[in-house]
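Chemist: Construct the complete structure from the given sequences, taking the supplied hints into account.
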Amino acid sequence: MKITRIIVLIALFTSALNAQEKEVDCDFNINRAYYHLEGNEFFKKDKQKAIEYLTPCVETENPVAQLMMGRVLLEEATEESYTKAFKLIKAAAKQDNAIAATDLGILYKYGRGCNLNYNKARKWFEKGFELGNTKAAYLLGYLYLKGFGNIQQDYTKAVSWFEKSDYPMAKYWLGICYYHGYGVDKNVAKANELLKTNFDTVKGANISEASKNSEVINVEEIKHVINEEETATSAEVTKQQLNGVWEGDLLFFDWSATHIENKIPFKIIAKYDKESDVLHITTTIADKKQNVDFTKLDNSLYFNDFTVELPHNSFSQNIPSVLEHQLLSSDVSIKQFNSETYLTGNLETYVSAWKESGAPIRFVLKKKKKLENSEEELSEEALAALSKQEDSFIKLYPNPFEKDVIVSYSLAQPANTKVTITNMNGLREKVIKPLASQETGSYQYYVEGMDLPKGIYVVTILVGQERKTRIIIKK
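Quick note, the sequence shown lines up with residues -19 to -1, 1 to 456 if you use mature numbering (1 follows the signal peptide of the UniProt record, and there is no 0).
Hints are computed from structural coordinates only; laboratory data are not their basis. No experiment lies behind these values; they were computed from the predicted model shown. We put the CB at the ideal spot given by N, CA and C, even for glycine. Take the hints with a grain of salt, since some may be wrong.
Computed Cβ-Cβ distance ranges for the label pairs, DEER-style [stated by the list, open to error]:
id, residue 1, residue 2, range
1, G162, K449, 47 to 57 Å
2, F23, P246, 56 to 66 Å
3, L112, K25, 40 to 50 Å
4, G162, P415, 52 to 62 Å
Modeler: Here it is in structure tokens:
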């Protein structure tokens, strides 16, 4: 019996020693895995070796090992690896690992291994900051700076979070906020300190500065067209209405969509083929011409593979001043102001390099006036003369005339119209435009007057049931 008892004790002792030998030293394993992931003069960079060290610690649910393995899986960049990484990082975050909580917020922000969810991203950024990771404060500020998803854009909150972070990009965006006065009083000296720049004054562009040198659209036009929404067409903008040449500017707004920070020339040539009912669009953005493939649905255009390089206000050599944007869609609206026709829209864009939506971009374009019954464009002299007649529905140039005359008018809403010129006794009528429906917009017609005797004539425009008239003299 005594010998048997000794044998049992020896067996138990040996078993305990084996268990201790098999117990994993995760501090050691994690350090070794780190060295193999980073590589140095003593450790060759070897991801597979790192995974071997991490695996037993992941199995014991060590949060640091879970986080590191999650990051290794993220680098594989497949749907399967994203899903595995998300589960591991979430498990580490739930064990109050500050870095894992922040990483989990990033995964929710981009929808990697999970459904994109900005509210959950915000929740885990807050948790990460609460646990001591100041990078999470920067990421919270960034969410409020740009107002992603259903998170309300708020410069004041953004600045508050940036100030809580020592992360370099937090200082960068805080400097930009001071530079423009977003969420704080404008302070260029403070901006220079944060951005390591030496600006004397703010070089940005408010609506007046951005537009004052525009050759096509002036300050008042942009202000009116952007702000006066009641003049926009409420009905669907038709392909026929889009037909024509439109010139103006792309306006780059800040994230609150209230301040214009930059602008570049923008031109659209839209050609409508009545027989096929197809609208062909060519755009020119900063001298780069491009044919655009799109689908029109109601008052929106949905673009197919429409990519352009657009300027970006950068305050650092490490951040590009030009970014590739995917233009996804745009609403379109037609407005009237001072007898001119404008096309406006809000572009929805995506910045591939940053994997996020672009800042608000709008366009304001003026329709280039062209004679409806001629390929000739209106001369600057004719345009100037017609524009001075804004109080008259019917505008005429020249008046009196010797050879030819231009008849111009604008419609605030679609209507059936007919345009004629008749001598005073009504015996001789010349039809300039037969009765037919016309969309909202400005119209100009060329009238050859060589065959008209000298005298007084009446130009008549029938608009629905209403008759508009104006006297003109042939010398």
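Chemist: Now tell me if each hint is right for this structure.
Modeler: Hints and how they fare:
1. G162 to K449: 47 to 57 Å: holds (50 Å)
2. F23 to P246: 56 to 66 Å: Hint holds: Cβ distance 58 Å, inside 56 to 66 Å.
3. L112 to K25: 40 to 50 Å: This hint is violated: roughly 34 Å between Cβ atoms.
4. G162 to P415: 52 to 62 Å: holds (58 Å)
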